[in-house]
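Chains D and R are the protein sequences, given in the same order. Residues 1 to 367 in the numbering used here are what the first sequence lists, from first letter to last. Residues 1 to 523 in the numbering used here are what the second sequence lists, from first letter to last.
A couple of the hints might just be wrong.
Said to hold, decoys possible - A few chain D residues that face chain R, going by a derived Cβ cut-off under 8 Å, partial list only: (1) R4; (2) T223; (3) R224; (4) Y227; (5) E228; (6) K234; (7) N235; (8) D237; (9) A355.
As the list claims (entries may be wrong) - Mimicking DSBU-like on lysine-lysine, the simulated pairs with C-alpha atoms at most 30 Å apart in a straight line are: (10) D:K234 <-> R:K371; (11) R:K204 <-> R:K192; (12) R:K245 <-> R:K451; (13) R:K189 <-> R:K204; (14) R:K270 <-> D:K234; (15) R:K451 <-> R:K204.
Because the hints were derived from the structure by calculation, they are not lab data. C-beta: ideal position from N, C-alpha, C; glycine also.
Chain by chain, the residues:
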Amino acid sequence: MTLRASSILGGLSATLINLLIALLLGGLLVAAVGADPSAALRVVYNGAFGSSAGLSYTFYYATNYIFAGLAFAVAAQASQFNIGAEGQAYIGGLGTGLACLALPGVSWWLALPVAVAASGLFSGGWALIPAVMEARRGSNLIITTIMFNFLASLLMTFVIVNLLRVPGSAIPSSGPMPESSFLPRIDQILTAIGIPTNETPLTIMVFVAVALALGLIWLIWHTRWGYELRAIGKNSDAAAFAGVNVARVKIQAICLSGAVAGMLGVNEVMGAQHRVLLELAAGYGFTGIAVALIGANHPAGIIPAAVLFGALQQGGASLSFMFPNVSRDVVVIVQGLVILLAGGLIHMLRPRLVAFFAGLLNTERSA
Amino acid sequence: MPEPQGANAIEFHNIHKRFGRVVANNDISFAVPRGTIHGIVGENGAGKSTLMNILFGIHQADSGSILIQGRPAHIKSSIDAIRLGIGMVHQHFMLVDRLTAMQNVVLGAETGFWLTGGVGGGRKRIEALQARYGLDFPLDHIPHNLSVGTQQRIEILKALYRDASVLILDEPTSVLTPQEVDILFTVFKDLKAEGKTVVLITHKLREVLAVTDNVTILRQGRCVDTVPTATVTRSSLAEAMVGRKINPVALPTATPSPRPKLSVRDLVVKGQGSMGVRGLSFDLHGAEILGIAGVAGNGQSELLMALSGLAPVIEGEIRTEHLTIDHKSTISPGGLRRGGLGNIPEDRHRNGVIGEWTGLENSILGLQRSKDVPGVGRSLNWRHIEAWCRDLLRHNDVRPPDPHRPIGVLSGGNQQKLVIGRELALEPDILLVGQPTRGVDIGAIEAIHGKLVEQRNKGRALLLVSVELDEIFALSDRVIVMFEGRSMGELSRSELSETLVGMMMAGMSKAEALGYLKQRESA
Numbered sequence: 001m002t003l004r005a006s007s008i009l010g011g012l013s014a015t016l017i018n019l020l021i022a023l024l025l026g027g028l029l030v031a032a033v034g035a036d037p038s039a040a041l042r043v044v045y046n047g048a049f050g051s052s053a054g055l056s057y058t059f060y061y062a063t064n065y066i067f068a069g070l071a072f073a074v075a076a077q078a079s080q081f082n083i084g085a086e087g088q089a090y091i092g093g094l095g096t097g098l099a100c101l102a103l104p105g106v107s108w109w110l111a112l113p114v115a116v117a118a119s120g121l122f123s124g125g126w127a128l129i130p131a132v133m134e135a136r137r138g139s140n141l142i143i144t145t146i147m148f149n150f151l152a153s154l155l156m157t158f159v160i161v162n163l164l165r166v167p168g169s170a171i172p173s174s175g176p177m178p179e180s181s182f183l184p185r186i187d188q189i190l191t192a193i194g195i196p197t198n199e200t201p202l203t204i205m206v207f208v209a210v211a212l213a214l215g216l217i218w219l220i221w222h223t224r225w226g227y228e229l230r231a232i233g234k235n236s237d238a239a240a241f242a243g244v245n246v247a248r249v250k251i252q253a254i255c256l257s258g259a260v261a262g263m264l265g266v267n268e269v270m271g272a273q274h275r276v277l278l279e280l281a282a283g284y285g286f287t288g289i290a291v292a293l294i295g296a297n298h299p300a301g302i303i304p305a306a307v308l309f310g311a312l313q314q315g316g317a318s319l320s321f322m323f324p325n326v327s328r329d330v331v332v333i334v335q336g337l338v339i340l341l342a343g344g345l346i347h348m349l350r351p352r353l354v355a356f357f358a359g360l361l362n363t364e365r366s367a
Numbered sequence: 001m002p003e004p005q006g007a008n009a010i011e012f013h014n015i016h017k018r019f020g021r022v023v024a025n026n027d028i029s030f031a032v033p034r035g036t037i038h039g040i041v042g043e044n045g046a047g048k049s050t051l052m053n054i055l056f057g058i059h060q061a062d063s064g065s066i067l068i069q070g071r072p073a074h075i076k077s078s079i080d081a082i083r084l085g086i087g088m089v090h091q092h093f094m095l096v097d098r099l100t101a102m103q104n105v106v107l108g109a110e111t112g113f114w115l116t117g118g119v120g121g122g123r124k125r126i127e128a129l130q131a132r133y134g135l136d137f138p139l140d141h142i143p144h145n146l147s148v149g150t151q152q153r154i155e156i157l158k159a160l161y162r163d164a165s166v167l168i169l170d171e172p173t174s175v176l177t178p179q180e181v182d183i184l185f186t187v188f189k190d191l192k193a194e195g196k197t198v199v200l201i202t203h204k205l206r207e208v209l210a211v212t213d214n215v216t217i218l219r220q221g222r223c224v225d226t227v228p229t230a231t232v233t234r235s236s237l238a239e240a241m242v243g244r245k246i247n248p249v250a251l252p253t254a255t256p257s258p259r260p261k262l263s264v265r266d267l268v269v270k271g272q273g274s275m276g277v278r279g280l281s282f283d284l285h286g287a288e289i290l291g292i293a294g295v296a297g298n299g300q301s302e303l304l305m306a307l308s309g310l311a312p313v314i315e316g317e318i319r320t321e322h323l324t325i326d327h328k329s330t331i332s333p334g335g336l337r338r339g340g341l342g343n344i345p346e347d348r349h350r351n352g353v354i355g356e357w358t359g360l361e362n363s364i365l366g367l368q369r370s371k372d373v374p375g376v377g378r379s380l381n382w383r384h385i386e387a388w389c390r391d392l393l394r395h396n397d398v399r400p401p402d403p404h405r406p407i408g409v410l411s412g413g414n415q416q417k418l419v420i421g422r423e424l425a426l427e428p429d430i431l432l433v434g435q436p437t438r439g440v441d442i443g444a445i446e447a448i449h450g451k452l453v454e455q456r457n458k459g460r461a462l463l464l465v466s467v468e469l470d471e472i473f474a475l476s477d478r479v480i481v482m483f484e485g486r487s488m489g490e491l492s493r494s495e496l497s498e499t500l501v502g503m504m505m506a507g508m509s510k511a512e513a514l515g516y517l518k519q520r521e522s523a
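Please model the complete structure; the sequences and the hints are all you need to start from.
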């Protein structure tokens with residue numbers, strides 16, 4: 001138990017220290033463009049957490065990051081690197097849109113499971129092709145999933161512009177979803193129970209995201225399938241020797257990863273945009289890779305990492321609003337620093353901290 | 001190179017080295033006299049490799065000093081070590097397969113930017129060294145196509161080409177036939193006659209006794225003793241290494257089952273970096289251990305792969321009571337396990353355990369689809385599995401018996417005990433055993449051998465593949481010697497002799513080898 005505790009403590013403290021360093025470097029950057037770093041930090045913090053609207057937006061962004069981060073983590077647990085969440089989410093958005101358009105007048109609680117299934121089928125199916133190429137033919141999944149992002153983008157442009165666009169409209173998007181399918185927003189719920197709140201795109205999908213995270217913890221760490229998946233991730237030769245059908249489990253893992261990415265599409269189409277828009281995944285699929293990296297590919301780490309990225313995105317918007325000479329790019333740079341430090345360089349610090357805590361816990365026990 | 005002083009080629013004085021909390025070398029002091037062959041023995045983890053890595057500049061000692069040829073040496077890198085006249089022949093050869101034998105020797109020791117003397121100069125020097133030390137090998141061949149023994153001679157010459165006066169060889173005999181070992185030892189004696197010093201790191205006590213002048217025994221990072229080899233016996237050495245008395249396992253007589261439990265007929269398996277299996281047939285009965293002897297890379301691995309369901313059968317068939325594998329019907333590793341074939345893999349780290357995982361997670365690896373392990377099903381009940389795992393660790397004497405420790409931090413012997421216990425948990429009828437004591441210390445070897453014999457006495461059929469002749473001789477009721485994917489013949493326990501098996505390992509059929517021996521006897 002001591003070993004596990006020290007590795008968790010070490011990982012956690014290393015992440016926090018690295019985040020602090022990223023923040024300090026970001027502060028230096030803000031100072032360099034002639035603004036007050038502590039004031040800027042306050043603005044970012046207040047923007048992200050200081051008002052109910054800011055908080056809602058933070059969690060709305062975080063919802064997308066949770067889906068994208070979980071998508072990457074599922075496959076990463078099997079050492080499969082699915083870089084295609086962006087495209088898979090985009091195709092999943094199409095599935096969601098088609099499901100909702102096919103169910104006019106059907107209320108959201110019936111439409112949601114259908115849309116989730118359709119989105120999962122579309123996005124999981126989109127991931128199936130690179131998955132089979134990887135597992136059966138040895139094509140590099142990283143390359144194929146990146147290429148499939150471009151394919152998804154081109155295919156969706158064609159579908160939206162030529163098939164879904166309302167005739168005569170100049171806007172490259174599908175028509176609006178039936179209003180009955182709009183997911184309940186959190187602000188509506190809060191207002192209904194007597195807490196008046198401004199309208200934001202945060203919907204009940206945030207609960208779906210948390211439930212999905214819990215479900216994946218169960219699936220990956222408490223079922224035989226998850227055990228076999230992790231065995232492949234750690235040592236696929238040993239997994240094969242132990243009787244795991246390596247190719248099949250790999251394909252299943254990558255498709256599940258794609259299907260999870262599809263939930264991002266559900267959130268955008270049913271929750272936020274209510275249309276199938278061009279580039280509806282808006283980069284969340286890519287940033288999700290960094291979220292998973294910082295969250296150590298574990299749902300329990302991905303949720304806080306996603307909230308952090310949501311807060312940076314929301315707080316960053318206020319920053320450029322309040323400080324004319326600080327552009328939004330500063331926040332993007334801070335995001336980059338977070339990824340570099342908490343995602344990459346952490347491997348320099350973590351082993352030392354783990355060893356430190358192991359020593360500390362041991363002396364406590366023997367004392 | 002400095003002029004030698006004193007009588008010793010190397011002196012270690014109070015060498016200490018720690019890796020984190022592990023003390024690898026604890027106050028080690030001994031001397032290697034110039035012009036002798038010096039053995040260093042010890043179990044895995046006794047500190048042999050660490051000490052040699054310190055001598056060769058790969059690690060730095062925390063404290064203590066080293067004297068080379070009587071002068072204090074500060075060895076910061078292998079370049080320093082080579083400059084001081086130390087040559088190292090690693091267990092895994094460091095030869096470049098795209099270069100010829102000669103280019104390999106010269107590589108890194110070329111004569112300056114302009115290559116003064118050119119190819120001809122290098123060749124002349126190599127040929128002179130070859131003649132002087134009897135290190136024959138063709139200069140213009142690619143090492144990959146040469147035998148392992150020949151590759152080793154290239155490695156030795158590489159060191160001599162760099163003017164090594166002290167040669168360190170790390171487990172040099174593990175890949176050689178007994179005859180090749182004899183040739184190697186002749187080379188050692190030639191080197192000694194020329195005033196060179198040879199340090200032999202090994203765990204094979206027979207070889208220490210056969211060739212060394214002095215021997216240093218390490219145990220748990222400490223230097224137990226340095227003594228003239230003439231004053232020790234095999235059992236006294238083993239005892240000093242382990243720190244207690246070692247009892248060889250007894251093989252009581254047993255009657256093999258009349259019907260074979262496993263039949264292999266004309267088996268052909270594609271090679272993976274070696275010859276593969278090229279037409280092998282044998283029967284394996286209950287209550288017997290069939291040993292497969294041979295130099296590594298003669299198709300034993302491919303045989304085990306095919307029997308594990310990991311390599312397709314090209315021709316022939318493998319048949320048990322319930323299963324048949326041939327070129328048409330393959331059975332997955334899981335299917336074979338459920339069909340009663342237990343499997344102790346020859347490469348534990350690659351196939352047997354997942355090093356980063358805990359003992360708990362490893363304890364059901366391969367059993368994850370078994371119905372007989374409590375807590376294992378579609379979903380996993382880790383609390384039940386933990387209770388089961390604790391039993392498994394205790395019954396198999398895995399130390400420490402902590403289910404939550406990553407398996408990678410356990411010693412090789414304890415890892416192997418877990419693997420064996422796990423494979424026996426399903427009570428398989430047939431047990432495939434590959435290199436069961438590779439990287440395992442003597443104490444654990446004793447326990448593992450005992451366990452295998454116990455299975456045989458219970459009536460199970462064991463196929464033992466090992467490159468350690470001692471192990472084959474100790475455990476086998478019958479032995480098949482493999483060479484280039486074929487059987488060179490089958491020997492009963494009473495027929496076993498090192499000379500005979502050695503000749504068959506080098507590619508003579510049993511009849512040829514017996515004929516040759518008879519001829520030699522009468523001559």
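Hint by hint, here is what the structure shows:
no. : hint              : in the structure
1   : R4                : 6 Å, holds
2   : T223              : 5 Å, holds
3   : R224              : 5 Å, holds
4   : Y227              : 6 Å, holds
5   : E228              : 6 Å, holds
6   : K234              : 5 Å, holds
7   : N235              : 5 Å, holds
8   : D237              : 5 Å, holds
9   : A355              : 7 Å, holds
10  : D:K234 <-> R:K371 : 24 Å, holds
11  : R:K204 <-> R:K192 : 21 Å, holds
12  : R:K245 <-> R:K451 : 19 Å, holds
13  : R:K189 <-> R:K204 : 18 Å, holds
14  : R:K270 <-> D:K234 : 27 Å, holds
15  : R:K451 <-> R:K204 : 22 Å, holds
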